[in-house]
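Now for the letters of each chain:
Protein chains: 2
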Amino acid sequence: MRAAIVTVGDEILLGQIVDTNSAWIADRLSMEGILIVRKTSVGDVEDDICSAIQQSFKVAELVIMTGGLGPTKDDITKKALAKFFECDMVFSEDTFTRLSDLFLKRNIPITAAHKEQCFMPDRAELIINNRGTAPGMWFEFGDRMLCSMPGVPHEMRYIMENGVVPRVKDLNRIIFRQKTIRTSGTGESVLAEIIEPILEGHPVKVAYLPAQGQVRLRLSVEGAKGSEVRIDQILQEAVRATVGVLGTHVYGYDHELLEEHVGNLLKSKGLTLGTAESCTGGHISHLITSIPGASAYFRGTIVAYDNGIKEKILGVKSITLESHGAVSIQTVREMVEGAIRVIGCDVAIAVSGIAGPEGGSDTKPVGTVCIAVGDKSDIKTRQFLFVKDRLLNIKYASMYALDMLRKFLSAR
Amino acid sequence: MRAAIVTVGDEILLGQIVDTNSAWIADRLSMEGILIVRKTSVGDVEDDICSAIQQSFKVAELVIMTGGLGPTKDDITKKALAKFFECDMVFSEDTFTRLSDLFLKRNIPITAAHKEQCFMPDRAELIINNRGTAPGMWFEFGDRMLCSMPGVPHEMRYIMENGVVPRVKDLNRIIFRQKTIRTSGTGESVLAEIIEPILEGHPVKVAYLPAQGQVRLRLSVEGAKGSEVRIDQILQEAVRATVGVLGTHVYGYDHELLEEHVGNLLKSKGLTLGTAESCTGGHISHLITSIPGASAYFRGTIVAYDNGIKEKILGVKSITLESHGAVSIQTVREMVEGAIRVIGCDVAIAVSGIAGPEGGSDTKPVGTVCIAVGDKSDIKTRQFLFVKDRLLNIKYASMYALDMLRKFLSAR
Chain A
9 MRAAIVTVGD EILLGQIVDT NSAWIADRLS MEGILIVRKT SVGDVEDDIC
59 SAIQQSFKVA ELVIMTGGLG PTKDDITKKA LAKFFECDMV FSEDTFTRLS
109 DLFLKRNIPI TAAHKEQCFM PDRAELIINN RGTAPGMWFE FGDRMLCSMP
159 GVPHEMRYIM ENGVVPRVKD LNRIIFRQKT IRTSGTGESV LAEIIEPILE
209 GHPVKVAYLP AQGQVRLRLS VEGAKGSEVR IDQILQEAVR ATVGVLGTHV
259 YGYDHELLEE HVGNLLKSKG LTLGTAESCT GGHISHLITS IPGASAYFRG
309 TIVAYDNGIK EKILGVKSIT LESHGAVSIQ TVREMVEGAI RVIGCDVAIA
359 VSGIAGPEGG SDTKPVGTVC IAVGDKSDIK TRQFLFVKDR LLNIKYASMY
409 ALDMLRKFLS AR
Chain B
9 MRAAIVTVGD EILLGQIVDT NSAWIADRLS MEGILIVRKT SVGDVEDDIC
59 SAIQQSFKVA ELVIMTGGLG PTKDDITKKA LAKFFECDMV FSEDTFTRLS
109 DLFLKRNIPI TAAHKEQCFM PDRAELIINN RGTAPGMWFE FGDRMLCSMP
159 GVPHEMRYIM ENGVVPRVKD LNRIIFRQKT IRTSGTGESV LAEIIEPILE
209 GHPVKVAYLP AQGQVRLRLS VEGAKGSEVR IDQILQEAVR ATVGVLGTHV
259 YGYDHELLEE HVGNLLKSKG LTLGTAESCT GGHISHLITS IPGASAYFRG
309 TIVAYDNGIK EKILGVKSIT LESHGAVSIQ TVREMVEGAI RVIGCDVAIA
359 VSGIAGPEGG SDTKPVGTVC IAVGDKSDIK TRQFLFVKDR LLNIKYASMY
409 ALDMLRKFLS AR
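Chains as they are written, first to last, in the working numbering: chain A, 9 to 420; chain B, 9 to 420.
Here chain A stands alone, though its shape is the one from the complex (with noise of 0.2 Å):
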């Protein structure tokens, strides 16, 4: 099956916000073996919709739209959808009920613009989205299917992962199996460097996604239906074959993410953390809580962006930070001593650094950050520079940080 993605919206058009949804619905789709050939963007024009769509079904059987379903005028989607489909407006109870109830709910009183989002195209089949006012819009005629969700993207993904992946599951011809293997630490070519003459003799195709420290490594299988039990074989080994030779350098599968595993770690070995944080400025903190859950195990952050914070309440003593300065090895290892103290926590983390783009000299550059993570009997240190903008700068540090953890907890 062959899949083409219209998102709908000045918005992207013009270049005021980055589209992440088209990438995130490209790669959902391709994890079900469905082919994208095509994505096209057009601003809120009817006309320009209508054509988007007829172009999109020459070269796909599905067409999945997002964007312009909100209240406001400019959203005009459902009208070219129905002119498109050939179709009426009527008034959906269900949807109106589901919104009344919600914004009872929230003490939200209901206005005119909220009326006029529940009138639907007759041929619409609708799916629910829990996740705010707009529901997804399901369209078949023929072989052909069209899914019109809002552009929120947790909207987009409830809709996408409860209304159209279980609707073109069943559909598909092609089996599609995928792995993604999750390291940190390390980068791009000394990966492939190490892994690609292990998979020279294996029929995947290995993908590199690098972000800010980590790399997720895609190993994919395509084959005919039927042939699942050997395509999840070939799979398998060469997953095998790429965790062996990687050894350390893998933390996790598919989703997993870094602060969440060092959160899994932290709890199976039954300790608490806590941070001292300069320049990436409470960031780490933030990667950790924002995992469910996190409350078993974390215990709190010092974010002392002035050195008095140092001081006073980590306790570095101010001959460390006039000797050494306050971007030292000498005065992470005291921030950790400090955090393990005042917070109460058995590991800390520990960072200071230059996040730039002012701030930095010649024997310390924007982008030094120095990093410390221990415990009451063993520190680790490392001196870091990142060559980046002062946000990449602030999230490379957060990333190398954990990963620094993560490997200090592994060897407990």
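Take the hints with a grain of salt, since some may be wrong.
Since the list can't tell identical chains apart, any single copy or any two copies may satisfy a pair.
As the list claims (entries may be wrong) - DSS-like mimics (lysine-lysine), calculated; alpha carbons at most 27 Å apart, straight line:
1. 384 x 320
2. 66 x 91
3. 213 x 91
4. 396 x 123
5. 123 x 91
6. 113 x 372
7. 177 x 388
8. 113 x 403
9. 325 x 388
10. 388 x 113
11. 213 x 87
12. 66 x 87
13. 325 x 177
I should point out that these hints are in silico values taken from the structure, not numbers from a laboratory.
Position chain B against the provided structure of chain A, taking the given hints into account.
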């Protein structure tokens, strides 16, 4: 002038990388008053590339292409262009000389693949690429134009600025002006009800771009070349009218972020900030410190994930935690007081809530968040109910906290 963008490459189509190029191109061209009407992404397939070009020329006079110009086998944009424009491939001595010089300097041997890269469609005018190996290609036929560029972002930007923008600047007969008004603390539909009657008579287009507690309103006007003064005036009047009715919902314009805006407010008033975070886990601190120069006004953060830290470091009374709970107005009020004292800042934000998915109760369901913002003499508090997933509850709580800080500081 209307333009369409075509990106070539499986990595965008299959969602392995997010296409940031076309957002940049769209944004850049819209600054020149060129209206982007469509963006299409296709894979490295000759027929798909040709049909995307053909369909783009149906809706636009200018087609901008990126990708598929590298030295590897799957890069076939040039072949597709030669086929589309029915022309031959000729060896470009100029390109070869430039490439040889470049490689000599970097000590890289010239391979057959590099020589192959010097064959160009004979109808193409070449645009020098001082950032990489593959030059841009410019085609004209009748009143139609096409530019093909490499997909590497900094190479593409160089060719756009030096080759494309100068060529299209004078050709365009339409001018386009836009202004983005940034609001926080209110939803899209409420803003729409306030604005829409006011903008009835104004010949402007309005787009609503909502994102986690913020809505950007983009007002745009289009007109013929020569009418710049009138167009600017129409836009200014519409902006003035909109801002007039929206009042304090508006915090800034164009690219200004809320965390940047509050940073500027703090700087201009000579005040320092600290945060005491529970459910937001350091995300507010991360947002504030992601702005360059934040160290001028930001002191630090206590993430008190554990109640012991709320008591021990922030000095929240145990009687308060026992009788009102950790998620209560009373607790966040004491957290603000504690943060001001222990961090030594003038103003503090405190947040405590239930991010979910676990930890909710009948009286305090998941999504309940208490926020306090204040200084030594005055503390404002609010209780919210966000019905989102864990990460969105954290992001909404952070944005509303910054919104409360903005309003608190503006009233000083």
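Comparing the hints with the structure gives:
no., hint, result
1, 384 x 320, "both (20 Å within a copy, 20 Å between copies)"
2, 66 x 91, "both (18 Å within a copy, 20 Å between copies)"
3, 213 x 91, "between (40 Å within a copy, 23 Å between copies)"
4, 396 x 123, "between (48 Å within a copy, 23 Å between copies)"
5, 123 x 91, "within (20 Å within a copy, 52 Å between copies)"
6, 113 x 372, "between (54 Å within a copy, 14 Å between copies)"
7, 177 x 388, "neither (48 Å within a copy, 52 Å between copies)"
8, 113 x 403, "between (37 Å within a copy, 21 Å between copies)"
9, 325 x 388, "within (19 Å within a copy, 37 Å between copies)"
10, 388 x 113, "between (50 Å within a copy, 25 Å between copies)"
11, 213 x 87, "between (40 Å within a copy, 18 Å between copies)"
12, 66 x 87, "both (21 Å within a copy, 23 Å between copies)"
13, 325 x 177, "neither (62 Å within a copy, 56 Å between copies)"
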